[in-house]
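A.B. asks: Each chain sits in its own coordinate frame; assemble them with the hints.
Going down the list, the protein sequences come from chains V and Z.
Going by the working numbering, the residue at position 158 of the first sequence is 147; the numbering climbs one at a time, nothing skipped.
So the working numbering is basically just the index in the second sequence, starting at one, shifted up by 1.
Simulated from the structure, these hints should not be mistaken for laboratory data.
Quick reminder that beta carbons are idealized off the backbone N, C-alpha and C, glycines included.
Please note that the accuracy of each hint is not assured.
Some residues of chain Z that are not near chain V, with every Cβ distance over 12 Å (derived) [stated by the list, open to error]:
id: 1; residue: E49
id: 2; residue: N53
id: 3; residue: P71
id: 4; residue: A73
id: 5; residue: Y105
id: 6; residue: T121
id: 7; residue: P163
id: 8; residue: C231
id: 9; residue: K429
id: 10; residue: D454
According to the in silico footprint, chain V covers these stretches of chain Z (three or more CB under 8 Å from chain V) [claimed, not checked]:
id: 11; stretch: 61 to 70
id: 12; stretch: 167 to 179
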Amino acid sequence: MSRAGHRICALLILFAGSLMAGASSAAEQIDPPADKATIERGAYLAIAADCAACHTAPGGKPFAGGLPIGTPLGTIYSTNITPSAEFGIGRYTADEFARALRRGIRRDGAQLYPAMPYTSYAKFTDDDARALYAYFTKGVQPVDVRAPVTALPFPMNIRLSMMVWNFLFLDSNVYAPDPRQSAEWNRGAYLAQGAAHCGTCHTPRGFLMQEEASRALSGAQVGPWYAPNITSDPATGIGSWTREELAAFLRTGRLPGKAQAAGSMGEAVEHSFQHLSAADLDAVATYVKSVPPVQDAASGSRFSAGRMFSELSVLRGRNPISSNNDANPTGAQLFQGNCASCHSAEGQGSKDGYYPSLFHNSATGEKNPANLIAAILYGVDRTVSGRQAFMPGFGGHPTDSNQLSNRDIAMLGTYVLTHYGAGDTTITEQQVSEARHGGPSSPLLPLARGGLAAGAVVLVLGVAFLIFRRRKAVVQKA
Amino acid sequence: MASTDSADVVVVGTGVVGCLIAEQALDAGLSVLMLEAGPRVDRWRIVENYRNLPPSMRLFHWDAPYPPKPWAPHLETRTPKEAEQYLQLEGPNARAYLQGYVRYAGGATWHWAGICWRLTPEDMRLKSLYGVGRDWPFAHDIIEPYYARAEYALGVCGPTDPAMQWPPNVKRSRPYPMGPTPFGPGEHRLTEVAASMGLMNIPAPQARNSGVAYNGRPACCGNNNCFPVCPIAAKYDAATALPKIEAKGGRILANAVVYRIETGDKKAVEAVHYFDPDKGTHRITAKVFVIACNGIETPKLLLFSKDDRNPNGVANSSDQVGRNMMDQPKLIADLELAEPLWTGVGPVQSSSIMNTTQGEFRSSHAGALLRMENFARSPLGAAAALKKGLVGKALDTEIRRLSACTARLTVEHEPLPWPDNRLTLSDKKDWLGINKPNIYYDVSDYVRRSAKDYTVPLLQKLADGLGATSFKLSPEFLNSDHIMGGCIMGADPTTSVVDADCRAHDHHNLFLPGGGAMPSGTASNSTLTMAALALKAADAIVDQLRHG
Chain V
-10 MSRAGHRICA
0 LLILFAGSLM
10 AGASSAAEQI
20 DPPADKATIE
30 RGAYLAIAAD
40 CAACHTAPGG
50 KPFAGGLPIG
60 TPLGTIYSTN
70 ITPSAEFGIG
80 RYTADEFARA
90 LRRGIRRDGA
100 QLYPAMPYTS
110 YAKFTDDDAR
120 ALYAYFTKGV
130 QPVDVRAPVT
140 ALPFPMNIRL
150 SMMVWNFLFL
160 DSNVYAPDPR
170 QSAEWNRGAY
180 LAQGAAHCGT
190 CHTPRGFLMQ
200 EEASRALSGA
210 QVGPWYAPNI
220 TSDPATGIGS
230 WTREELAAFL
240 RTGRLPGKAQ
250 AAGSMGEAVE
260 HSFQHLSAAD
270 LDAVATYVKS
280 VPPVQDAASG
290 SRFSAGRMFS
300 ELSVLRGRNP
310 ISSNNDANPT
320 GAQLFQGNCA
330 SCHSAEGQGS
340 KDGYYPSLFH
350 NSATGEKNPA
360 NLIAAILYGV
370 DRTVSGRQAF
380 MPGFGGHPTD
390 SNQLSNRDIA
400 MLGTYVLTHY
410 GAGDTTITEQ
420 QVSEARHGGP
430 SSPLLPLARG
440 GLAAGAVVLV
450 LGVAFLIFRR
460 RKAVVQKA
Chain Z
2 MASTDSADVV
12 VVGTGVVGCL
22 IAEQALDAGL
32 SVLMLEAGPR
42 VDRWRIVENY
52 RNLPPSMRLF
62 HWDAPYPPKP
72 WAPHLETRTP
82 KEAEQYLQLE
92 GPNARAYLQG
102 YVRYAGGATW
112 HWAGICWRLT
122 PEDMRLKSLY
132 GVGRDWPFAH
142 DIIEPYYARA
152 EYALGVCGPT
162 DPAMQWPPNV
172 KRSRPYPMGP
182 TPFGPGEHRL
192 TEVAASMGLM
202 NIPAPQARNS
212 GVAYNGRPAC
222 CGNNNCFPVC
232 PIAAKYDAAT
242 ALPKIEAKGG
252 RILANAVVYR
262 IETGDKKAVE
272 AVHYFDPDKG
282 THRITAKVFV
292 IACNGIETPK
302 LLLFSKDDRN
312 PNGVANSSDQ
322 VGRNMMDQPK
332 LIADLELAEP
342 LWTGVGPVQS
352 SSIMNTTQGE
362 FRSSHAGALL
372 RMENFARSPL
382 GAAAALKKGL
392 VGKALDTEIR
402 RLSACTARLT
412 VEHEPLPWPD
422 NRLTLSDKKD
432 WLGINKPNIY
442 YDVSDYVRRS
452 AKDYTVPLLQ
462 KLADGLGATS
472 FKLSPEFLNS
482 DHIMGGCIMG
492 ADPTTSVVDA
502 DCRAHDHHNL
512 FLPGGGAMPS
522 GTASNSTLTM
532 AALALKAADA
542 IVDQLRHG
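For reference, chain Z alone in the conformation it holds in the complex (with noise of 0.2 Å):
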């Protein structure tokens, strides 16, 4: 059953992260081998998925088109039971961790919203400027020129009119390779009231073709689908990568489980050993190793590699694997509204509020972004018309209304790093036998305290600009589905578990970049950042084969 295999780079995921390092190592002239945890499905099948469901699990059940396979489990939300199959979840903000991502080739971005922010440079000095959290090894300069090859990788388009642009008065090194999507009636609406206010809605750079293709794949024609999948790959999504990958000599293998990390005497990770889906196993050597998994599935994996050598677990002499985890507490406000907004023309998310993502206040309380959801109400607010049981033109009317004249506005908070938001490895084990990934999570007083003083105040000033009539906060934080911190970066061995490139302290020759690796979370979004990263850890691997 066992067989061997090799390449100069194994890359374990097939993610945005985990795609973009395989392009480059494959453009260097080295072989790729990429192993997936799950199937690699069609876009068409899963488009189908999505229109075969039923109409309640449309909205808000992203993972519902993407049925797991028994060997590479992810997150389930048609029931609240369902919900609890595979992510165990603790801590006073368990809720907040209900991460959903897909463990199909391709990744978690089959279902994101494509934006793209970057950080600022005060988003990675959070320790020198305000005393809170961690700096980064490195300052925002040397990010930025990966910055701007991550937005031309995936094809981002952004505002041209540097007051638009985000970070405010940091110079780009290359504009947005297309310009910005418009804006539909209630964006120019939340703009409006948000500007009377003081606060600035820009327009969010996001991996979606705006009126041009780019890269091969069509302009976003407002199919409003970004989640739970883009129907035409107007949006990138790493799954648009495959096939480039295959045509530069990569090779993909689905249905490969990887299981485990094997190191030699000399530190140095020799192998990586994984399951096919008759639970045979099997040994893959490289000279590099890139683990991409997600900031869940890496930790995971590194704990459950656990041996004589690593007793800690693979990279884990610092004790920080699993540590630090983050992603931005949510809060969403639901309201109805006197006049009709008409959310829904164009991607389901299109701009935010970015200023009050910063501030000296940052040394007290979190950041946070805020933003109305873009997505068509129509399908909630039919639900809700049928419910009030009406009828014929009633019912008609009551659609138009409901659609129309409500909306959804959410606030994302920047997390801090605290070592006891603390993945380990459950008790509980999958269809495999691997042990499921424990999550403990609190929000901490620095997000409480800044819903509490300065966002939900703020949330509610928006909408009563926006004349809404009525105003339902979710009552308890929710996950923003932007995994971060688990493999944390840092210049220090013993506190950090990767340098700047994202090579672990401990094994030369093993790289766990991503989200992981981000020592500070931010109000923001955090792909384009994983993908800066992730080129700037292929640039370190291309070098390294290339010179030692």
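The following block holds chain V by itself, in its conformation from the complex (with noise of 0.2 Å):
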């Protein structure tokens, strides 16, 4: 769904799988109907799971891919999934393309790398997984241009290495209502599971950077941004939401006075979410309101924290009129010279709403700074139903209008925290220049980095003797 969440999942599971070698599962049979309601119901599907979020390059055709995703490791392009017979999928027969969507095996066998997010899409069912061939292979204009070619270095490069950790991670069961379940509930959470793959970034992941299905939904780093806690919990998750506003906010994009869609979340909202039914959202409110709840060690709510405050009195009369840069300017003379024109000098935005309050707002109440940083760095660009809501970044963009440097924007993120946010948090530089190159790095990253040879040997020993005991439990068993 969203690219900076699946660069970051790719990056780490193509370099954990990239250790090991195994098996993979068979494919199945399926027939491809191809009537004029079984495409647009693919061509809904698609929108659901936003593959053109990766397989549509900004200014590029539809689906034609070639969009870099840029990884510390290499950059791994999307690919064509047009019908171009030669540099698409138009060779591909409704069985292939299923087992690319479900497994993550491409036609000529070769496994893809998990950018696409075949974990979450093996949830559709035959007929949903035959409807997206249908609008792909009928609904898709081709497009005859080859898209480039993914080269990553040795050892990424060995795209086999992935079926290890298909044995050990990939659930390739589709989807399964839970008859105990409201029909409404099954349709969510086939929607929040599959297609919209909420866990891809909302979902804390292990060792080896599988998703951990006991902290579903809790929260996770994406790159520079954290999807937060959506879990059930009052506290620190979304239980203090009601299904309206779930839905509501997965329509718009923002819950005025609690939260806004910014980052990854902002583009799914923008691709994905927006066009689906009312219906459907309902559904996924209905399924993700169910979810149980998880507790994150910070106490209190991130959607009350903070108040109106100003620091205008104290400031204005004692500050010199300057052509210099100031060398160390103050949390508060940073906040009203960048941010006080649209959130207003006590830090309240505007009335319609249209710049968000800074206080009772999830990116300031939360205990992570993550969301803070990342939207001062990356500032919002989010457009739902033709409105626009947009913050300019303040240097995450080489290119962007006012360039805020490391140490100034953890002055201007503490203060903003202080006074309208969770408090007692502090941001550091570090955390600042983290941000600013794409998040905080792996703690596999060293290992691929420095001690490859070293981390590989006690990887591979690792898994076997995974293996070697669940082989063993299955011998006993017997």
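C.D. replies: In structure tokens, the structure reads:
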């Protein structure tokens, strides 16, 4: 769904996977019907799965691929999934398409990198996989252009290595409805776990970068952004939201006085959720509201922190008019000069809510300051129902009109947290620097860079031991 | 102390003209070094400077948030005495050349209104059609594509309805990149009144984001703060281009005051020399030199660069450098009204009456643009109400009344290029020992006739239509901050300074683009034409470096 989310897990999963080898599961037979209604359903599912987020490059032709997904280990390019016979999926049979979609296996048998969220798409029913096939073969214009070829360095170029990881962590079962739940709940679970792949970003990951099912949707870092806890915990999740509020958030990308979507979630709302039917959004909300609560270590709601505040009375009249940039501006100065024109001098935003209040806002109320840092660096750009919500970045892009240093963003962010948000959190220059470079790096990365060989040995031994134990358990049962 | 440096293209000045050329050259794969006399200051620092000003300085002292460095002085207006420090003005209309520009990285667009009128085809043929002024060396259809490019480079919002576009009945090659900003209540009213007089008040195209982000900059949210600084960069200013230039590999050197253009024996420019803030000197070489310092600093530098090879100054074999200085002589009328008008919703300027700029009458008197200022009246209202000694509820009521029921009408007259309106080097010197600019300015009978017989009666009629109870006309002509003419363009090297690409007739690798090159001033704001000329010059520079 989100580029950043995919980028991070792609990077980590492929690294973990590259150190192993194993076997894959078989594909199944699917017949491709292609009536108009099926194509339309496929088109809708493609939106729900936000295929365009990665497979349509900005300014490029729909689904022609070529979006560079940068990782510190190399660039992955999204592929051409138009029905071009030579450069796209024109030669794929329905079976082959379903196998790529749900198992991450290319037509030629090679493993896809998990930038493609096939662990979630595995939930797609046979019918829906067929509808997607119908859409991508009959409803999309072929584009006869080769997307750039992904060429990662060794050992990440060994696509076979993904097999072991798949063997361990890919649940290859399609979605099985829970008969104890309503049809609406099941529809929501199907979409949330499958097409919308909420867990890709919101579920924390384990040692080998697998989603930790026991802590599903309890919050995880996604590049420089943080996909927060969206379990039903009333304090640290979104248990305090009504189902209607959650559906409205998904449709509009904002919930005044609580939260707004930025980063990957902004993209998800813009490209996917706002286009889904009201019934489907209600269903997703119904399901997400039922996800078991997971309480974070932090206490207190991220939606109710902070209050109106201004230091203008002590700021004005004391500061000279200067032709020099201040070497060490205070948080209050930075806030008034950079933020107050839109968010107002007291932080309450604009009356119409276009500029959100900085207090009672998940971006400032969350203990983890990642989203505040990322919003200052990269801004917000989300268009919903033809209306754009836009905040400029302050230096995350080299072309930003206003460039704030790591030091200034740390000062400014800490000031905002102190007076409008979570309170006792301090942002360090190091945190800002990390976010500027794409987010905190993974513990697996040093392995790749420094001790690749040693790490590989340890991991292979560990995985071999795991496999041995599983087999042993099977043998003992038998 | 001395150091040397070089680039394919050296651009002196980091305003809109210099920045557009720098970006074009970088896009063409050329190396670019920009030299800026003044400091490079963060937007938020300037915004805070503005807010830290005493209230009496926040309106009409647009220079006040930009305190100059000693090595890069510009006009300051906090006191009448201060206003005489830098620009040395003389002549019957000296007050009408009190030009406010800032020598900061980003240049004068820091505090422009963002208004982006195109010239009409007639504006470029004054001599042929009306027997006055000069013709341009090329026709309107040559500049039209450059206008379109400039509108996209700056991000200009403008009307989608062709009937509302200017110039009328001239085909545009591309639509405006954004739709117009909506009128505030005051402008709606003025539009009605103008229509009843047979005049058309149309939306001003402006380099301001209307409802959408553009080029990484946010939409205008009506801070009504375009002068002296847009706090959120919703209005284009060249300071927003600086990071983009650096991202493309361009280098920007602030606090580098170019004081000499050095030519070689084959008339090519070989180097520019600059002072650093410690008065150390440096020499920079390049293949092409662009002097983009606006219409006062560019001719000043050319004249100051005189040496044995160039006894009249660089690029001045025609003796036209510094002559033909133009700006629209402006008159303002302050009104009190019976009914609330409520200007101040939206940008500080957003519409103008333009059909008064054109007509056969231009053979005898100047055309003129009429508009209503749209800045919020509350600071003026508050000051006036306090002066009356009111307190409590009475004070509150009077502030509201004066904020709502006052207005300012403005008329800007078309200047003609007169050789006697001339910039020379003053005997007075600045901190670095560089002569200050001296300018003689006479608006001429061409403008005086227009004011007497044409524009002041129109202003009065508009005021009556708005229900004015008082009408106070400025006692003399004022400046419009549109500096033009000092490096005038023409086909004949004996009567003009630059050719149709803003290349100096005398030096094939020296470009002097911007307002100084404009052969006709016209009644409309000059920046978009300057930007179009910059892009035209950039094409010529790239072509020249590719093909010799």
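A.B. asks: Each hint should be assessed against the structure and marked as holding or not.
C.D. replies: Right, here's what the structure says about each hint:
no., hint, in the structure
1, E49, "violated, 5 Å"
2, N53, "violated, 5 Å"
3, P71, "violated, 10 Å"
4, A73, "violated, 9 Å"
5, Y105, "violated, 8 Å"
6, T121, "holds, 33 Å"
7, P163, "holds, 24 Å"
8, C231, "violated, 9 Å"
9, K429, "holds, 22 Å"
10, D454, "holds, 44 Å"
11, 61 to 70, "holds (count 6)"
12, 167 to 179, "violated (count 0)"
Of the hints listed earlier, those the structure fails to meet are numbers 1, 2, 3, 4, 5, 8 and 12, in rising order.
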